[in-house]
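For the sequence shown, the numbering used here gives the first residue as 1, with consecutive numbering after it.
Treat the hints with care, as some may be off.
To be verified - Only pairs whose alpha carbons sit at most 20 Å apart, straight line, appear in this in silico SDA-like list of lysine to any residue:
#, residue 1, residue 2
1, Lys70, Lys45
2, Lys60, Arg44
3, Lys45, Ser63
4, Lys60, Glu49
5, Lys60, Lys70
Everything labelled a hint here was simulated from the structure, so no lab data went into it. Computed from a prediction, not measured in an experiment: that's the story for all the values here.
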Amino acid sequence: MKSATIPPLRVTTELRNDAESVLLEGESLSSFVEESLRRQIVRRKMNQEFIARGLAAGEKAKSTGQYASKDEVIHSLHSILEGSEQK
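Put together the whole structure using the sequences plus the hints.
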């Protein structure tokens, strides 16, 4: 598989020094930047999916006329939180 490159990134000396100061033993600045990019991509995809699910739920509620009250939502969230604390 061919590899591609990311465009060069111009940063301040301070930012580069800060990045280098947190590198783990044996870690390169390139691998740090690559891992950061991968994590940000995952985070943004998850955020896009979350928003899409919310918009779809809103459309479904609008089309069916079935809405949850704030008390129902809060109760549901508390139940989820309590379930995660027991694990």
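These are the hints, each one checked on the structure:
no.: 1; hint: Lys70 to Lys45; in the structure: violated, 28 Å
no.: 2; hint: Lys60 to Arg44; in the structure: violated, 24 Å
no.: 3; hint: Lys45 to Ser63; in the structure: violated, 27 Å
no.: 4; hint: Lys60 to Glu49; in the structure: holds, 16 Å
no.: 5; hint: Lys60 to Lys70; in the structure: holds, 17 Å
In summary, the numbered hints that this structure violates are 1, 2 and 3.
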